[in-house]
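Engineer: Put together the whole structure using the sequences plus the hints.
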Amino acid sequence: MSEALLETRAVSKHYQMGATTVVALDGVSVEVREGEFVALQGTSGSGKSTLLNLIGGLDQPTSGEVVFDGRSLAPFSKREMARYRRHAVGMIFQNFNLIPTMTAAENVSLALAFGGVRGRARDERTRALLERVGLAERTAHRPAELSGGEQQRVAIARALANRPRVLLADEPTGNLDSTRAHELLSLLRTMVERDRLTVLMVTHDRELAARFADRTIQMKDGKIEQRMRDEG
Amino acid sequence: MIFFDILKLALRNLREAKLRVALTTIGVVVGVTVIVTMVSFGLGLQRNAVQRFKDLDLFNEITVTGQDVSELVAQVFNRGGQGGGGEGDRRAGVRRTRPQQPEQAPKRALDDAALAEIARIPGVEAVEPTVEFTAYVRANGRTQPQSIGGALVPNPASRFKSYAAGHMISDPTADEVVVDSRFISDFGFAKAADAVGQTVELLAPLGAERNPKQPAAAPQDEQAKQGSKQQRKANEDELSFFGLPLGDDAETNAQDARLTVRTFRIAGVLKDEVESGGVGRQARFRGLMPAARLYIPLATARELSHQYRDPLNEVALQLARESGALSAQQAEGYPSVIVRVNDPDVLTDVRKQLTALGFSSFSIVDELEEIRTFFLIVNSALGLLGGISLLVASFGIANTMIMAILERTREIGIMKAVGAEDREIKLIFFVEAGLIGLAGGIIGSLAAWGIDVVANRLAYRFFLQPRNVSFINFFALPPYLWLGAIAFAIVISIIAALYPAARAARIDPVKALRHD
Chain A
1 MSEALLETRA VSKHYQMGAT TVVALDGVSV EVREGEFVAL QGTSGSGKST LLNLIGGLDQ
61 PTSGEVVFDG RSLAPFSKRE MARYRRHAVG MIFQNFNLIP TMTAAENVSL ALAFGGVRGR
121 ARDERTRALL ERVGLAERTA HRPAELSGGE QQRVAIARAL ANRPRVLLAD EPTGNLDSTR
181 AHELLSLLRT MVERDRLTVL MVTHDRELAA RFADRTIQMK DGKIEQRMRD EG
Chain B
233 MIFFDILKLA LRNLREAKLR VALTTIGVVV GVTVIVTMVS FGLGLQRNAV QRFKDLDLFN
293 EITVTGQDVS ELVAQVFNRG GQGGGGEGDR RAGVRRTRPQ QPEQAPKRAL DDAALAEIAR
353 IPGVEAVEPT VEFTAYVRAN GRTQPQSIGG ALVPNPASRF KSYAAGHMIS DPTADEVVVD
413 SRFISDFGFA KAADAVGQTV ELLAPLGAER NPKQPAAAPQ DEQAKQGSKQ QRKANEDELS
473 FFGLPLGDDA ETNAQDARLT VRTFRIAGVL KDEVESGGVG RQARFRGLMP AARLYIPLAT
533 ARELSHQYRD PLNEVALQLA RESGALSAQQ AEGYPSVIVR VNDPDVLTDV RKQLTALGFS
593 SFSIVDELEE IRTFFLIVNS ALGLLGGISL LVASFGIANT MIMAILERTR EIGIMKAVGA
653 EDREIKLIFF VEAGLIGLAG GIIGSLAAWG IDVVANRLAY RFFLQPRNVS FINFFALPPY
713 LWLGAIAFAI VISIIAALYP AARAARIDPV KALRHD
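Residue numbers (my numbering), protein chains in the order written: chain A, 1 to 232; chain B, 233 to 748.
Treat the hints with care, since some could be wrong.
Unchecked claim - Once the Cα atoms are required to be at most 20 Å apart in a straight line, the calculated PhoX-like pairs of lysine-lysine come out as:
1. B:Lys393 / B:Lys503
2. A:Lys78 / B:Lys393
3. A:Lys78 / B:Lys743
4. B:Lys240 / B:Lys250
5. B:Lys286 / B:Lys503
6. B:Lys286 / B:Lys393
These aren't lab readings, by the way, just hints derived from the structure by calculation.
Everything numeric in this text was worked out from a predicted model, so none of it was measured.
Structural biologist: Rendered as structure tokens:
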């Protein structure tokens, strides 16, 4: 068994809601190896999205630590955290989170711009990324002119712009019909198999998790409930 | 992320909210317009005032006074005592009351050697001795006492620049005269051009030509009409008697045996400056040189002035010569000379050197400093007014930026999620605000320029032209003013964006991206 690319060590996240403290995560430890497609499955409020945000570097745990490629994120400065988000992980969301005033190509290009890619190299990489998700013909369209599935694919292209090793997907099929959902997850599956991409996907859909992920981590009330291995 | 990308992003963001950005920019435009218009008006006032003084040679001239003969006599005959010679102003040149600065008394006479020494001081452009006297003048059938001044020929001073008719005296030895416009009216000429080429006669008492060291010599009436060089020699060390001039009688045209007559031809008539204030007399002051009705070549004037010397002065000179304080070969000094420098800035240094040489000096450059201080205050006050309006505009910018944050919270979250650093988020806001400042600054400066042009035209059309005054540019719009205003607008805009930018950078991406 190879060493984990991604690891959480007893991470907890508490939110202060007025006088009461809400425990979103309670000592969660998970491991994801390189080239693995892992599903985080649980009901809403189970803490799965919170866990994903911690791994994605968008949020800091109250206790515990996130470890990427053997390095703990805990001592990272804000700037190092931004670099981590830029180069180590890519994220996609249920509502796609594309910038509505930008075309598909501009959305992808923006991420490349933050990654320091310039000029022709940026244009070429933008085209290559959109081609890879099957949107070579839709580069000049704005999100509103694209279907949900297409928008999510633009989001995938953007997430992978700076060649991260991990793709973090937060309910990526939440706004898609089942056909589009299957298409999208097939695409991710291909990337995992062909490019050794590592995918950590949050979903509430048991069936999709079982069908596309290598394994599913079950969460409930901020804790890991059970680990399932699924070779499907 | 390179700056160009930031700039593109900022421009895109501004385009997304055109109306709001336009309104915000108008605020900046108004502020900059007020600043630039106000300050350019203040600078224009200053420039016009200073220029006026410069044109009148008031900032580049120094009046230098030397020790006069009476002081010499006082020293010799009243050792240790002060003022034996009396303080009655016997300096022929200092006729008008001028603001003389109380300084230590001059220790040297302004003789030719002293003049040459002064001329060698770095920065000194010209040294013009003051020679002035009053004489009866006959011209156009009238005879009146008039003030006569000596002029260097050629003469760089502004007073000899413009002529109503004719030109400057052609040669330092020419028997030519330049008269002012008052002379034209006093002597009944219809217009300036009529006077040019006419003859002017200066009347002197007969005895003036007699040299006391040659008592046997007969009165040399004819010599008076001869060349000035000859006359100058004759007048060296001479001591003349004061003769009462004849009355103002037009009938004395016939050569009177008791008078010598020196004839000059009118070369030019000086043009009176059109005074916008309408005070004609004021315009006659040009430079520190006392004004006169008639100007004749300096050497001739110097020589003639001895003939018009008053008896008290004459006695003083004689006493000085007898005591040996002034040798027979030594010419008496000029009462004062005007020193013209090539740049007002060196004036103070030149004055220090003059003091070191033992002369007293006076200049009005100190007043230039006062004028500068005054205008600094005026311009600051005007700039402050504009600054207040720009301050108001800065609140508009802050408001616009905060609105933008509210609208773009998700977008900022997305940028952070794909790896934007806080400083990059801040920079986008700063660039946006800076662009508003830049646009407002440029448009405001252009508007101010337009206002300047229109105001000048209106002032000319409705105020100056009806009063027959030539066009005056009331405003000064130096590049540093509008460039400074643009820079100031940018800085103010960026300062206004400090808080919004910091707030944008603080946005929590988790909250920003939370699905609705």
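Engineer: Provide an ascending list of the numbers of those earlier hints which the structure does not satisfy.
Structural biologist: Violated: hint 2 alone.
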